[in-house]
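What follows is each chain in one-letter form.
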Amino acid sequence: MTIPDALAAALAAADDDYLTGLCNKGTVNRAKKDLAAMDAPEARAEGNEVEVRFSGVVCRIRAPLGESACSCPSAGVCRHRIAAILWLKTQLAPAAEKPPAASAFSQLRAVSPEKLARQLGPKRLGDLLARRASGSGPAIAQSATTVTVELPWAPATVRLLEPLEHSTCTCRSEGFCVHKAEALLAWQLENGAADAAALRALCPEEDGPDPDAARRVCAEVRRTLTGQLETGLSRLPPETCETVERLASLAHTAGLPALERALRALHEEYAACFARSAAFRDGELLRRFARAFHLAGAMERADAPLIRALAGKFRDEYLPAGRLELYLLGFRDVSGQSGYSGTIYYFWERAAHRFYTYSDLRPAFYEKSARRADAAPWGLPCTLRQAWKNALDLTNARVNAVGGLSSTAQCSAALLGAQEPGGVLPPDALCTDFSALLAERSVPGAPETGRLALLLPARCEPQEFDRVSQTFSLRLLDGVGRDVWVEVRYKKEEQAVVRTLERLAKRLARRPGETLVFFGLLYRAGDRLRLYPIEVFTQWEAKT
Amino acid sequence: MNECLNEVEQALADLLRSGLNTAAPAAAERLRDLAGQCEAAGLHTGAALLGELAAQLAARAHALDKDDLPLTETLCRLARYCELCAEKEQEESILRRWREQQTGGAV
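Chains as they are written, first to last, in this note's numbering: chain Z, 1 to 544; chain A, 1 to 107.
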């Protein structure tokens, strides 16, 4: 029997990986067993194919091998076809049986990345690019004939073959499923056949607000605020609060979250004024009034792309960040004026040397007195509070733009045990020169992760408790005398913090030269750089 | 500079409290004085905005059909300007304090 040339070439090129790609490893192994046990099949060449008869089945093997047929009822590539292919490979002339040369995968390269990006859609494409950027993209293994791509987040394993239509996916889709498209695009990106920047540019932006509706709302906001300025705060009725609240609702409906927030902030200040709250300040009302008016004016004059940029986002988007090696440095309880209360946990990332936070906050309005259980996200065997000073590895983590960790169920954590912070954090994570803190870590309005710092002062000077302002102060000085002030005003929620600091002050009086490391949030007030303390480490042994 | 900024902010807050309809003619005069102080303190943009606001406020008193949108616009720009200047001034004052401490000045 003479095997047709095209088929002979396909048989010579088909190694075990390729056959596994056509079906799966189990089917290939079973076919090998069948082949070893069976008698020699009958075979005859017919045109471009070879008919192979054995064990009561008839297989028609042709190139490409994925288009071969079998008389059995199996829809996919069955063990009979694989056995027939393996047998035909043994019948090849020695010259044709040379090991297959490494494939250039020209067909995989030829598929347009734009077409694949369109099939994935902006969300999946954005996720793929973010995963790749964070170093947690798919695992890609390439043999001479097959590209195997594992997508653990799907979860799916795709085997890309040539021709592409014979590629398989563990989702068992017959067609070219999104997993195949994602796997192929990931491979193209890995091999320089697609450009990440070009693909990012291709991502159509989310539908922004309707520009005309947005301008109408902005004009209404400006008109109303102008009316309030004409009348004056002293003559405005308390119903002004509801008017501003109504404007905020209009901004929400028009898809303008930034303006909505500005108006809600203004509403808060108006409410404080009409409630005759001692916390009300004229200056703060003016600032909030100006911010809302300014933003509305900017959007009213802007074109559609600028409106979309100014409109802001309703909620943070959490993008894949892959594997994170975290260390829980500290946490603090918050009961904010924003109406949310709970705990914020602060992590140090051991690989990238940066801070992350995890916020376990709930609206306080609904759960005023209820004692809430501590958070234990990511399948942790304990609560996060119990994991303080523990290292943990997160897999499939998702992070927002300001370093906030998502509690997504897709993310899992492995607890690595307790470690001393000095053994985990590198010495350069500690700030001993406070001059760098001012410009880099205390910018007003910066997110929390941008204002976190670990301070190793040269000396600490506890101050007298200020009985008038009920404030505890501790002055931290660096080597050349620049100071940062730890200041906590006494109130019910801060009772524990003040007591801890008072104990610390007594300890400092006994042992003035003791090395202390302060971890907290920096902010500016008056002519001082200040630190809100989250954690104080009294024993810090530097990493060697 | 800080005092000047505080005074401008207070003048704007007073205007917001009293309202444009009842703002005394003295309000425009006060803004003009502050414009002079700002100019002297090196806050040229602030001085220009204050001058503009004072002119709009004075013109308003003689206008039959009052369009207060441009006036509100100027007031809000000025308030935003003061906020940004105050942030910058705060940073400068911390640095100044640190310098004084390093050269042995008072804390």
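Fair warning: there could be bad hints in the mix.
Stated by the list, open to error - Between beta-carbon pairs, the in silico distance windows are:
hint, chain 1, residue 1, chain 2, residue 2, range
1, A, THR22, Z, ALA271, 18 to 28 angstroms
2, Z, VAL334, A, LEU95, 48 to 58 angstroms
3, Z, LYS389, A, THR45, 29 to 39 angstroms
4, A, ASP14, Z, HIS353, 32 to 42 angstroms
5, Z, GLY121, A, ASP14, 47 to 57 angstroms
6, A, PRO70, Z, LYS389, 36 to 46 angstroms
7, A, LEU95, Z, ARG459, 30 to 40 angstroms
Everything labelled a hint here was simulated from the structure, so no lab data went into it.
Since we're looking at a predicted model, the values are computed, not measured.
The beta carbon of each residue, even a glycine, is placed where N, CA and C say it ideally should be.
Hints, verified against the model:
1. Between THR22/A and ALA271/Z the CB atoms are about 24 angstroms apart, so this pair conforms to the stated range of 18 to 28 angstroms.
2. Checked against the hint of 48 to 58 angstroms, the C-beta distance between VAL334/Z and LEU95/A comes to roughly 31 angstroms, which is inconsistent with it.
3. At roughly 50 angstroms, the beta carbons of LYS389/Z and THR45/A sit outside the given window of 29 to 39 angstroms.
4. Between ASP14/A and HIS353/Z the beta carbons are some 49 angstroms apart, a value that contradicts the proposed interval 32 to 42 angstroms.
5. The given range of 47 to 57 angstroms is respected by GLY121/Z and ASP14/A, whose C-beta atoms sit roughly 55 angstroms from each other.
6. At about 59 angstroms, the beta-carbon gap between PRO70/A and LYS389/Z misses the expected band of 36 to 46 angstroms.
7. Between LEU95/A and ARG459/Z the CB atoms are about 21 angstroms apart, so this pair departs from the stated range of 30 to 40 angstroms.
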